[in-house]
Structure formats: C-alpha cells, structure tokens
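**Student:** If you want the building blocks of each chain, they are given just below.
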Amino acid sequence: MVDEEIIIKEILSGNTESFKVLVQRYERPVISMVKNLIGDFHECEDIAQDVFLEVYNKLGSFNAEKGKFSTWLFTIARNKSINILKKKRPVITDEFPELPATNTPIEELTEKEIFELLDKVLQTLSTEHKTAFVLAEFENLSYEEIAQIEGIKTGTVKSRINRAKEKLRKAVKGIEL
Amino acid sequence: MNNRHYDKWVTSKSEFTISDNFADEVMQKISQQDNDTSKKYSKIPGFLLSIYNTRLAKAGIFITAAMLGVSRVLLIIYLVFEL
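Residue numbers (this note's numbering), protein chains in the order written: chain A, 6 to 182; chain B, 105 to 187.
Chain B with its partners taken away, still in its complex shape (with noise of 0.2 Å):
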C-alpha cells in the first residue's frame, strides 16, 4: 500500500457525472422563488417595501410598537407583513 493508492482514491473522489440540467433547475428555483417574493408583496409600493427590508426597519417598527403601547396599527402591519 502506497501513496499511488491514496492519490487515486482522491482523483476517484473528484469524478462523477452532474445531471445535465443541474445549472437550469438552480435557475428555475430561482426565478420561481423571486416570483413568489413578487406576488406576496405585489401590493406594496416599491420604496415602502426596499424601508421595510431592511432589519433595522423591521426592528424598529417592532420595538416602537410595542414600547408605546399605543399604535396598534404599527403592530398590525408588522405582523401583515411578517405573516
């Protein structure tokens, strides 16, 4: 037993076949995940959601709503969107 072993087994290791479409379906998942996004906030307007996106924002929205006690509605949307 000697390094030509080892050094085959490692070459072995790096040949196998990929399915031909393997890059196509990475794509489709892609676009059917973007698609989904798309859909689900369809109604939004645009500025509203790229504010909303962000973690900050949604932190804030949380923590303000929840430290005052008194606007509902911020709670509200944060749960709409959130769910």
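Isolated chain A, as found in the complex (with noise of 0.2 Å):
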C-alpha cells in the first residue's frame, strides 16, 4: 500500500488522478460514517462525494505532523455530517421511539425488528453521543482519534459512548451492551 503522504503529494504537485486512490482507499469507512450519522441511506453517497471534495479542495492545508489523514478525513466527514443534520432536525429531542407497537417482550421480537429498534434509537441520540458511539463502535476509532476528530478530551468520549450505550440499553431493555 502506498504511503498516503507520497499520494497527498502528488496530488498538490499536480497528479489529480492520483486522489482516486484515497477515494477508494476510504470510500467505504466515510460512506459507512455518513451513513449511520445522518440515517438517510439515500443521500449518504451524494454527502459523501462532497466530502471527499471538499478534502480535495483542503488537502494542502492537511498537516501530517498534526495527525493521520485518515482522522483528518473523518474530522471533515463529522463537520459535514453535522451540518446536515442541523439543517434537518435542528433540535434533537434525545427521546426514544416507542417499542413496537405490539409491545412486543425483547425476547420475542426478531432480529429485524431490534436491529430496526436499535436503528430508530441511534438516531435519536444527541449529536456528541452518536458521532462518539459511531465512530468507536462502527468505525473502529480508538478513544485518540475520536478525542482529536471531536476536540475533546479521551475521558470525556468515554463517557459519550457509555452514555450512548446506556441510552441504547434504556431503549432496548434487556440488551446487553
């Protein structure tokens, strides 16, 4: 695999071909992100091209002494993300969807029906828990790497993703997380 500051410098010397290779190399992870933050699978891939634009557009200012690209990547995904969904719902509730309306026991439902519960009660959450949550859970992001995408300290996105779970736990009670 070809080191991603060889690629990064060839694209600002002029070889914009070569910026397929990180598209491709991180298509899936930001579309995966997008995906899961935004919860609207129809436009994640529209969202996702313009992030991959807009690191186009910003990568001379990335800083590799700063940080990974990849986390600088995901940093510009989270912030595009978010805009979007301040543009959507700008006030998040943080209030849970009803269970099925069957009131169906946990033990009782079938795995569609909680992966469909647990997918409504993600996006419920508020936007620090969800991206905290997302991008250990989902994105397999170290506690580091969430710290420096959010600004935040490592103990704090701790406390964001068990809270999360807790929130999820509540929701879904009985599941183990």
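Rather than coming from a laboratory, the hints here were simulated on the basis of the structure. Keep in mind that this is a model prediction, so the values were computed, not measured. Don't take each hint at face value.
Here are some chain B residues the structure puts well away from chain A; computed CB gaps all over 12 Å [claimed, not checked]:
| # | residue |
| --- | --- |
| 1 | Met131 |
| 2 | Ala161 |
| 3 | Lys162 |
| 4 | Ala163 |
| 5 | Ile167 |
| 6 | Arg176 |
| 7 | Val177 |
| 8 | Ile181 |
| 9 | Leu183 |
So these bits of chain B aren't anywhere near chain A, every CB distance computed over 12 Å [said to hold, decoys possible]:
| # | residue |
| --- | --- |
| 10 | Phe120 |
| 11 | Ala127 |
| 12 | Val130 |
The calculated lysine to any residue pairs, modelled on SDA-like cross-linking and capped at a C-alpha distance of 20 Å, are [claimed, not checked]:
| # | chain 1 | residue 1 | chain 2 | residue 2 |
| --- | --- | --- | --- | --- |
| 13 | A | Lys117 | B | Asn139 |
| 14 | B | Lys162 | A | Ser66 |
| 15 | A | Lys117 | B | Glu119 |
| 16 | A | Lys93 | A | Ser131 |
| 17 | B | Lys112 | A | Val126 |
| 18 | A | Lys63 | B | Asp138 |
| 19 | A | Lys175 | B | Leu160 |
| 20 | B | Lys133 | A | Glu48 |
| 21 | A | Lys73 | A | Asp8 |
| 22 | B | Lys133 | A | Leu17 |
| 23 | B | Lys112 | A | Ala176 |
| 24 | A | Lys25 | B | Glu129 |
| 25 | A | Lys125 | B | Ser116 |
| 26 | B | Lys112 | A | Arg174 |
| 27 | A | Lys85 | B | Lys133 |
| 28 | A | Lys71 | A | Glu171 |
| 29 | B | Lys117 | A | Lys63 |
| 30 | A | Lys85 | A | Glu116 |
| 31 | A | Lys25 | B | Asn139 |
| 32 | A | Lys63 | B | Lys133 |
| 33 | B | Lys117 | A | Ile119 |
| 34 | A | Lys117 | B | Leu160 |
| 35 | B | Lys133 | A | Lys125 |
| 36 | A | Lys125 | A | Tyr61 |
| 37 | B | Lys133 | A | Tyr61 |
| 38 | A | Lys93 | A | Lys125 |
| 39 | A | Lys170 | B | Lys112 |
| 40 | B | Lys117 | A | Thr132 |
C-beta: ideal position from N, C-alpha, C; glycine also.
Using the hints, put the two chains back together into the complex; each one sits in its own frame.
**Tutor:** Right, dumping it as structure tokens:
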C-alpha cells in the first residue's frame, strides 16, 4: 500500500488522478460513517462525494505532523454530517421511540425488528453521543482518534460512548451492550 | 437478548454496497470544478492569481481601498474577482 503522504504530495504537485487512490481507500468508511450519522441511506453517497470534494480542496492544509490523514478526513466527514443534521433536525429531542406497537417483549422480537429498533434509537441520540458511538463502534476508531476529531478529552469520549450505550440499553430493555 | 444481537447489529451496519462508479463520480466532480475555476480565471496571469488567492491579499486590497477611499480601481478589482 502506497504511503498516503506520497499520494498527497503527488496530488498537490498536480497529479489529480492520484486522488482516486485515496477515494477508493476511504469510500467505504466515509459512506458508512455518513450513513450512520445521518440515518438517510438515499443521500449518503452524495454527501460522501461532497466530503471527498472538500478533502481535495483543502488537501493543501493537511498537516501530517498534527495527525493521521484518516483522522483529518473523518473530521471533515463528521463536520459535514453534523451540518446536514442541523439543517434537517435543528432540535434533537433525545427521546426514545416507542417499542413496536404490539408491545412485544424484547425476547419475542425477531432480529430484524431489534435491529430496526436499535437504528431508530441511534437516530434519537444527541449528536455528541451518536458521533462518539458511531466512530467507536462502527468505524473502530480509538478513543484518542475520536478525541482528536471531536476536539475533546479522551475521558469525555469514554463517557459519551458509555452514555450512548446506556441510552440504547434503556430503550431496548434487556439488551447487553 | 445479549451481546450477540448487538455485535450482529454493528456488523450489519457495515454491510452495504457502494455504487461501482463512486470514485469515478468524485473524480468527475473534481475535474468539473477544476475546469470551472480555470475558466473563470483564464484571463488572469497565474502569478497575480496565486497572490490574489490568499485571504490576506484579498483582505488587504479591500481594507486598503476602503480606508483610503481613493482607489476605486482596487475596489473594482476586488468586486470583479469576487463576483
């Protein structure tokens, strides 16, 4: 795998085509992150494309001494997703959706129903809790990386993730997270 | 209900398909953007453009023109480039 710093130098020296290597390397995690933060499967690819466009435009300001390229990329993806969320839902209530109308005990729900319920609950979490949870659980980023992306301390990251899990657990009683 | 469900949920969230031409579309947007930019500034000499493209230079031209109030040319240059 070619070193990212070399690829970035090539792009900045005018070889635009090298950017495609970065896009192909990170398209899956970026789309996944946007998808889980926005919760809208239809427009996540368009948003992810805008993320890469912004990354390309700002590439000159990337400083490898300050952190990894992936962390910088995720920061841009996170900011874009949050801006879109703000436009879509200016107020996040943090309220949980009701359990399925039948009020079926959790043990009797099918796996698909449980997943759908978890999806719904995820989208009701506050942006801070959701972002920390998504980055940690779906993108497998370290607490340190998340702290850098969010501009907070690692202790705060841990507490946000725990809080997110607690809320998910509370919404889906009986689930062990 | 146990960890098994949670693990499966997390795993299922990363299982999705991406359009085959995703990267190509990104590159197309970049190329389109680059072409638009070069078209917009095609009549401006490169070295002037590189100087002008710094925020400091833009701010400098604007503030100087506004403060002195004598150089309408500078204001016009600023407005023409910006609009």
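**Student:** Now look at each hint and say whether the structure bears it out.
**Tutor:** Hints, verified against the model:
The Cβ of methionine 131 of chain B does not lie farther than 12 Å from every Cβ of chain A; its closest approach is about 5 Å, which violates its non-interface assignment. The Cβ of alanine 161 of chain B sits about 16 Å from the closest Cβ of chain A, beyond the 12 Å cut-off, so the non-interface label holds. Listed as a non-interface residue, lysine 162 of chain B keeps its Cβ farther than 12 Å from every Cβ of chain A; the least gap is roughly 17 Å. Once the 12 Å rule is applied to beta carbons, alanine 163 of chain B is consistent with being away from chain A; the minimum gap is 18 Å.
Separation of isoleucine 167 of chain B from chain A is adequate, the least Cβ-Cβ distance of about 24 Å exceeding the 12 Å criterion. Once the 12 Å rule is applied to beta carbons, arginine 176 of chain B is consistent with being away from chain A; the minimum gap is 32 Å. Chain A leaves valine 177 of chain B outside its interface by the beta-carbon criterion, the shortest separation being 30 Å against a cut-off of 12 Å. Every beta carbon of chain A lies more than 12 Å from that of isoleucine 181 of chain B, the smallest distance being close to 24 Å; the non-interface claim holds.
Listed as outside the interface, leucine 183 of chain B is consistent with that label: its C-beta sits roughly 23 Å from the nearest C-beta of chain A, beyond the 12 Å cut-off. Here phenylalanine 120 of chain B does not stay apart from chain A, with its beta-carbon only about 7 Å from theirs, under the 12 Å limit. Listed as a non-interface residue, alanine 127 of chain B fails to keep its Cβ farther than 12 Å from every Cβ of chain A; the least gap is roughly 4 Å. For valine 130 of chain B, the requirement that its beta carbon stay farther than 12 Å from each beta carbon of chain A is not met, with the minimum near 5 Å.
Distance restraint check for lysine 117 of chain A and asparagine 139 of chain B: the Cα-Cα separation of roughly 47 Å exceeds the 20 Å cut-off, and the hinted pair is therefore not satisfied. Only pairs whose Cα atoms come within 20 Å are accepted, and lysine 162 of chain B paired with serine 66 of chain A is accepted, the gap being roughly 18 Å. Distance check on the hinted pair: lysine 117 of chain A and glutamate 119 of chain B sit about 14 Å apart at the alpha-carbon level, within 20 Å; holds. For the hint linking lysine 93 of chain A to serine 131 of chain A, the alpha-carbon distance of about 14 Å falls within 20 Å, and the restraint holds.
Under the criterion of a C-alpha separation no larger than 20 Å, the hint pairing lysine 112 of chain B with valine 126 of chain A is consistent with the structure, at around 16 Å. Between lysine 63 of chain A and aspartate 138 of chain B, the direct Cα distance comes to roughly 14 Å. Compliance with the 20 Å bound is thereby established for this hinted pair. For the proposed pair lysine 175 of chain A and leucine 160 of chain B, the alpha carbon gap of about 52 Å is over 20 Å, so the pair is violated. Between lysine 133 of chain B and glutamate 48 of chain A the CA atoms are separated by roughly 16 Å; this keeps the pair inside 20 Å, and the hint holds.
A distance of roughly 11 Å separates the Cα atoms of lysine 73 of chain A and aspartate 8 of chain A; the hinted pair therefore holds under the 20 Å criterion. With a C-alpha separation of about 17 Å, the suggested pairing of lysine 133 of chain B with leucine 17 of chain A holds against the 20 Å cut-off. Simply put, lysine 112 of chain B and alanine 176 of chain A have alpha-carbon atoms about 18 Å apart, close enough for the 20 Å limit, and the pair holds. Only pairs whose Cα atoms come within 20 Å are accepted, and lysine 25 of chain A paired with glutamate 129 of chain B is accepted, the gap being roughly 10 Å.
Among the hinted pairs, lysine 125 of chain A with serine 116 of chain B is consistent with the structure: their alpha-carbon atoms are about 15 Å apart, no more than 20 Å. Straight-line distance between C-alpha atoms of lysine 112 of chain B and arginine 174 of chain A comes to about 15 Å, which keeps the hinted pair within the 20 Å bound. Restraint check for lysine 85 of chain A and lysine 133 of chain B: satisfied, since their Cα atoms lie roughly 17 Å apart, inside the 20 Å limit. Taking the CA atoms of lysine 71 of chain A and glutamate 171 of chain A, the gap is about 33 Å. The hint is violated against a cut of 20 Å.
Taken as a hint, the lysine 117 of chain B and lysine 63 of chain A pair is broken in the structure, with Cα atoms around 29 Å apart against an allowance of 20 Å. A distance of roughly 32 Å separates the Cα atoms of lysine 85 of chain A and glutamate 116 of chain A; the hinted pair therefore is violated under the 20 Å criterion. For a cut-off of 20 Å, the pair hint linking lysine 25 of chain A to asparagine 139 of chain B stands: about 17 Å separates their Cα positions. For a cut-off of 20 Å, the pair hint linking lysine 63 of chain A to lysine 133 of chain B stands: about 15 Å separates their Cα positions.
With a C-alpha separation of about 13 Å, the suggested pairing of lysine 117 of chain B with isoleucine 119 of chain A holds against the 20 Å cut-off. A distance of roughly 56 Å separates the Cα atoms of lysine 117 of chain A and leucine 160 of chain B; the hinted pair therefore is violated under the 20 Å criterion. With a CA separation close to 33 Å, the supplied pair lysine 133 of chain B and lysine 125 of chain A exceeds the 20 Å bound. A distance of roughly 33 Å separates the Cα atoms of lysine 125 of chain A and tyrosine 61 of chain A; the hinted pair therefore is violated under the 20 Å criterion.
Between lysine 133 of chain B and tyrosine 61 of chain A, the direct Cα distance comes to roughly 11 Å. Compliance with the 20 Å bound is thereby established for this hinted pair. The hinted pair formed by lysine 93 of chain A and lysine 125 of chain A meets the criterion: a straight-line CA distance of about 16 Å does not exceed 20 Å. For a cut-off of 20 Å, the pair hint linking lysine 170 of chain A to lysine 112 of chain B stands: about 15 Å separates their Cα positions. Taken as a hint, the lysine 117 of chain B and threonine 132 of chain A pair is honoured in the structure, with Cα atoms around 18 Å apart against an allowance of 20 Å.
Hint compliance for this structure: hints 1, 10, 11, 12, 13, 19, 28, 29, 30, 34, 35, 36 are broken, all remaining hints hold.
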